[in-house]
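Student: With the hints as a guide, bring the two chains together.
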Amino acid sequence: MTQVATAAPTEEAQAKPGRGPIDWWGGHRLTFVGPLAFIAIAAALRIWMQGNAWTIGIDASSAGFNETYRALFYGEVIAATVATLWWWTYLVRKGKQIVDVPVSHEVEVRRIAKFWGLISTTSVELTIMASFWPNMDGAWHQTAVRDTALTPAHIPMFFLFFPIGITLTVGTYLYGRYWLPKVYGAENGFPWSFFFLISASVTEMMQVAMNEWGHSLWITEEIFAVPFHWPFVLYGWLAAGIFALWAETIIRLLGIEAEIEAAGAGGQEAVAS
Amino acid sequence: MASDTETLEADQQFERLKALVNKEYKYIDRKWDAVFWISAAFIVGAACNITMLLFAGDWDFWTDWKDRVWWPILTPFSLVIIGSALQYIQWLAWRFPTGMTYTAICMWFLSTLGRWLQWGNFVWYPLNFVWGTTMVPAGIFADWVLMKSKSFVITSLLGSAVFSFTWWVSNYVMIAPYLQPAEWMDRILTLSDIQGIAYIRSQTPEYLRIIEHGTLRSFLGETQYVSIVFGMTVTVAGYWIGQFIGRMLAIWPIGRFMKKW
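Chains as they are written, first to last, in this note's numbering: chain A, 1 to 273; chain B, 274 to 534.
Be aware that a few hints might be false.
Heads up, simulated DSS-like pairs for lysine-lysine below, C-alpha to C-alpha not over 30 Å straight-line [unchecked claim]: (1) K532/B x K94/A; (2) K304/B x K182/A; (3) K16/A x K299/B; (4) K96/A x K182/A; (5) K299/B x K182/A; (6) K94/A x K16/A; (7) K94/A x K182/A; (8) K182/A x K296/B; (9) K296/B x K16/A.
Under 10 Å between C-beta atoms, here's a sample of chain B residues computed to sit facing chain A [unchecked claim]: (10) I301; (11) A329; (12) L386; (13) F395; (14) A523.
Keep in mind that the hints were calculated from the coordinates and are not lab data.
Fair warning: this is a prediction, and the values are worked out from it, not measured in the lab.
All C-beta atoms in this analysis are idealised placements derived from N, C-alpha and C, irrespective of residue type, glycine included.
This is chain B alone, in the form it adopts within the complex (with noise of 0.2 Å):
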């Protein structure tokens, strides 16, 4: 009977790797997962979150760059690749679908402190102007994905499109109050449009242009659907520069050595 003969030894398993968690040792103890996990919270906070800032920063910044046609693009498609690589290593290391949450909190708490402290506390920007997204959700969506398909092939391809989507609809809550309509010297702006004016930055080039524009604000608000589907293609590939990181520069060095330097 193969079923009674695969069930004893899927017992014999679960007995086994049981006995493995139950183990005594010497020094290996629970101190040592705790140092390894807050430890790794900062250094992939800060990947997280210097990703994110280089290729989408100034869509994240402020509301008015908030916009329909870049931010729904770039912003998941850097957000994912940090979350991605963090996705390989737990599922590798501990078959935890959680590393995508784990890289959202981390760069949740490092970009609020940035945001709060330097932005609002540093050069006086009201934090309703200079909020940053949120991946959260996000995040546990994808996971949510990884844990019921145990493929990284389906997470990169439905996984990366839920990212994107579960993204758009999470902050869209916090954006669509400053999306507004508002009249400002005989003509009608968003709420984010007169932020923007209100509070000069001028290092930034153009800093009196409307960043959205032009059929943006036509065809009934289409456009942004339309940046949304292309945002879920591209965070796929975000997805896998991700898997390259987690797999080529986390996993495979370890124990390896170059012999001739």
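Just chain A, with the same shape it has in the complex (with noise of 0.2 Å):
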């Protein structure tokens, strides 16, 4: 819905400079700041296992295991649910509060860019899941022996960065439909891009159930190619709905560019609710 902005309280943008709505440091600014956060995760775990999985990280029995790689399952575990469940409801709290509140412009801008910041967060995260750590899956499980289902290798993958895909295309969802109401709002029902992106994450925790089960039912070697694997490949044509994503919020932003030049030609800027 477009109205004319009229006494209505309307969210105005207050830039610095530099930080402006699309500028590197300012709309921008999720796009490096959040890949490089996972980016940081991911290497700061494959530098400590250079130094541990060989030794403390082949015995499962083990105390040294126990107190090292079975104790960072249990933090991962955790601390990934609990961010989830924070920003979450972060997201649908203060969402309720701000969705029907008129913005600017620019205001509309900003989140636009910040949402292509939640996609690329998301890419990379996906990369690490999906071509990171199934290397290291790989070179592990065709060397070593398989003795419990949280190895070195999985431990990171399917454990951390699988349920963190979850939380990222299920939160992009969340700051789409509270913060960007007129691609995302509510009323327009659920987007099938979404719908996509986030059946990618799911299926990809669940297939990590289905692997296990057929690791402890048929091999505990490693054949990469086998058909208890394939599904694991359905992740990675689902997350094709992440181009819709692009698509849809640059429809939008060209609207808006449509609106600001009728506003030239003669009308009020129009206000986006």
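Tutor: Structure follows, in structure tokens:
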């Protein structure tokens, strides 16, 4: 819904120099900060693995494994759960407060830039979970004896980056639903783009259970191309929905430009609600 | 004069498009392009990488598994899928015949990072044993077919075949040195066989087997040409799987919503 600005409370932008809605360190800041945060976490875990995987990570029955890898597993699950619940709760509670507040075009453009930052973060996070760790998974499991489902390669991949994939895809939807209501507002219905993207991260997590069950039933060794691994591929395909997110928001950006042009031709600048 | 009218319309269309390209916007600038192309590179490379790993990874991980019967069939089939999807997306959105090459470069970067960091520096396999294949030359040729034909049907039939064949030729350059004969305990093996025996993969079933066997090494090596041609046909199927992904999972959802869920 577009309406002409009146006495209704309007969220206006107050940008410092260089922090405008489309400045690199303004609206686009999350495009750097988000991906770098996940790259830093993956790098820290990988560096820690270098000195520990082939010593204490090789025997799941040892005390050292319990104190490090199993503790890391519990820590990851608790941290991912707490962070997810906190972020989703914040998005819903804050979102319900702001969703009906009219905003200027500048504020809406800044929100679209942040939304793109969330998409970038999701893209990098899904890459870490679907390329970076699977390469370690292959190298480890074709070499080391599998004596537990919680192997050094599985712990960061399956129990941190996989669940965080769900956190990010659902969280990005919630941001879109409340901060960009003209595109993803509840009255529009549930977007198919997000349906595919969220399905990608959810099916990936569900496939972990099938993977471990398959390895316990058929082979403890590793053959990457076995059929019970194939559902992992679905993730990569369903994630194609991410392209629709870019398209849907660039269409809105063009709409904003058209509204500005129309306002410049003799009308008042419109305010999104 | 119909030709004059057509020329006039073409000129007007050119001017309209030129004006659109040079149009000044308040909020739309090249930063959005940069954010899109760089961010998409990650998910595109990862999707291509995971598809290849889980359909053809075993044949791609080791030099001795890069055989002449399955490797030339499974690898181009799995690589072409995401490349085809990106060809559709980039051609539809910008008329760029670059989707396959873009995918190839993204995939190469992530694959090389994985081989170096995980296989090379984590498990300490030498990189000349675990190097990954390249699809960059194959992607360039497949994009060239799309550019010239402007047809996804022709690209699926001709481009997939070109992709598969170019993939084999460009990777044969790398595998050829490892197919040289060598004597090992009074037997003639290839250098890649000896690598497979020397670097033990204790959790790969039958880790001491010779991957290539039987008729693969007889008939003067003709079997590999049969495999390449069969791989070219299988890659056509992979191309249309990719088209489905591009059309139905990436483009179709734009602006579509479920009213009830």
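Student: Can you verify the interface hint for A329/B: is its Cβ closer than 10 Å to any Cβ in chain A?
Tutor: 6 Å, holds
Student: Hey, K96/A versus K182/A, does the alpha-carbon distance stay inside 30 Å?
Tutor: Measuring from Cα to Cα gives roughly 15 Å; hence the hint holds.
Student: With the threshold set at 30 Å, check whether the alpha-carbon distance from K94/A to K182/A stays at or below it.
Tutor: 17 Å, holds
Student: Let's test the interface hint: is any C-beta of chain A closer than 10 Å to that of I301/B?
Tutor: Because about 6 Å separates I301/B from the closest Cβ in chain A, which is inside the 10 Å limit, the hint holds.
Student: May I ask you to test the interface hint for F395/B with respect to chain A, counting a Cβ-Cβ separation under 10 Å as satisfied?
Tutor: 6 Å, holds
Student: Do the numbers back the hint for L386/B, that is, is its least Cβ distance to chain A under 10 Å?
Tutor: At about 7 Å, which falls below the 10 Å cut-off, the nearest Cβ of chain A leaves the hint on L386/B intact, so it holds.
Student: For the pair we were handed, K304/B and K182/A, check the Cα-Cα distance against 30 Å.
Tutor: 23 Å, holds
Student: Does the nearest C-beta of chain A fall within a distance shorter than 10 Å of the C-beta of A523/B?
Tutor: 4 Å, holds
Student: Hinted pair, alpha-carbon criterion (30 Å max): K182/A, K296/B. Please report holds or violated.
Tutor: Distance ~25 Å between K182/A and K296/B Cα, so the pair holds.
Student: Would the pair K299/B and K182/A pass a check requiring their Cα atoms to be no farther apart than 30 Å?
Tutor: 19 Å, holds
Student: Would you mind confirming whether the straight-line C-alpha gap from K296/B to K16/A stays at or under 30 Å?
Tutor: 27 Å, holds
Student: Hinted pair, alpha-carbon criterion (30 Å max): K16/A, K299/B. Please report holds or violated.
Tutor: Answer holds: K16/A to K299/B is near 18 Å, not above 30 Å.
Of the hints listed earlier, there is not a single one the structure fails to meet.
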